[in-house]
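Residue numbers (my numbering): 409 to 709.
Honestly, I wouldn't trust all of these hints.
20 Å max Cα-Cα, derived EDC-like pairs, lysine to aspartate or glutamate [stated by the list, open to error]:
#1 K456 - E693
#2 K456 - D685
#3 K456 - E677
The following label-pair restraints were derived from C-beta to C-beta distances [to be verified]:
#4 D667 - R695: 23 to 31 Å
#5 L674 - G597: 22 to 30 Å
#6 G642 - I562: 23 to 31 Å
#7 L674 - A439: 22 to 30 Å
Because the hints were derived from the structure by calculation, they are not lab data.
Note that beta-carbon positions come from the ideal geometry of N, C-alpha and C, so glycine has one too.
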Amino acid sequence: MTSTPPFAVFSCDLDTIDRHLQGYGIEDLPACDRIYRTAVPRLLDLLKELGVPGVFFFIARDANSEAPLLRQMVAAGHEVASHSMTHPQPFRTLGDAALAEEVDVSRTRLSAASGAEVIGFRAPGWDVDDRVLARIAAAGYRYDASIFPTPVLIASRLSAYRRSANKGSIFSMDLIGHAFATAVPHRLGAATNGFVEFPISVTRWLRLPVYHTFQYFVPPRLFARGVRALLRSGRPVCYEFHAADLLDLAGDDIDPRMDRHPGMRLPLEQKRAMLRDTLATITRERRVVTYRQALEERLAA
Numbered sequence: 409m410t411s412t413p414p415f416a417v418f419s420c421d422l423d424t425i426d427r428h429l430q431g432y433g434i435e436d437l438p439a440c441d442r443i444y445r446t447a448v449p450r451l452l453d454l455l456k457e458l459g460v461p462g463v464f465f466f467i468a469r470d471a472n473s474e475a476p477l478l479r480q481m482v483a484a485g486h487e488v489a490s491h492s493m494t495h496p497q498p499f500r501t502l503g504d505a506a507l508a509e510e511v512d513v514s515r516t517r518l519s520a521a522s523g524a525e526v527i528g529f530r531a532p533g534w535d536v537d538d539r540v541l542a543r544i545a546a547a548g549y550r551y552d553a554s555i556f557p558t559p560v561l562i563a564s565r566l567s568a569y570r571r572s573a574n575k576g577s578i579f580s581m582d583l584i585g586h587a588f589a590t591a592v593p594h595r596l597g598a599a600t601n602g603f604v605e606f607p608i609s610v611t612r613w614l615r616l617p618v619y620h621t622f623q624y625f626v627p628p629r630l631f632a633r634g635v636r637a638l639l640r641s642g643r644p645v646c647y648e649f650h651a652a653d654l655l656d657l658a659g660d661d662i663d664p665r666m667d668r669h670p671g672m673r674l675p676l677e678q679k680r681a682m683l684r685d686t687l688a689t690i691t692r693e694r695r696v697v698t699y700r701q702a703l704e705e706r707l708a709a
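Let the sequences and hints guide you as you build the complete structure.
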């Protein structure tokens, strides 16, 4: 599936601090709202400055308590989508009942809390298989954004293993994932009623991630070249970000164990500048829309 003209989507995963640490095998932190109170306002201000709409993948556990924030996002022209009910990892190994709770109930709760029908899903850790994708489609979603089609995901899994307090949980996830899957928006098969997959963007030949966290592992010039190469290719840009990247480890009083997370030791202003520069590059050559807009305007059809 190609788009005419090419478009871009900026999406943000709202993983809370406790869920980030859970991904590293640390289970003792209670629910933490620092993402909602501190990181999201910074991001909304930046998106308003740049005139960029965003897609916010939200953990539905917090839907009721954060309903005012969800409705603020929708009123500002952003899209709310599901990032599951509780962000469990691994995800694809959940039993059928637990999977239905994470997929189906999260959609219902987020739709009610935001006042807008939720039509998109992204799995925690991009950890999906055919069974999970079929469940997402059956729940009434119109698209998924969980496939990360790069071999670099293997290195990412191994890096997370090295930093994790629970080594076993990492290898319960699919190590290879969808490393060589179709790398542009496309319709999935009959088992999903032909709903749309929006993969995380990668470069055409080397499949290097055009994904914000990748900036923390490579020289700035290399990442910038990847962004420009993707723009030149004429492919849609699906750029993923995590709200935690707009937190300051010390200044925002974050649990110090988050220092194992990529980028958390960098100064806030440096991270803000990295995001601003990347989005400015993308917006010079692409119209930025939400996934919902891409479907409704048939940009991805």
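For this structure, which hints from the list above don't hold up? When the structure is compared with the hints, numbers 4 and 5 turn out to be violated.
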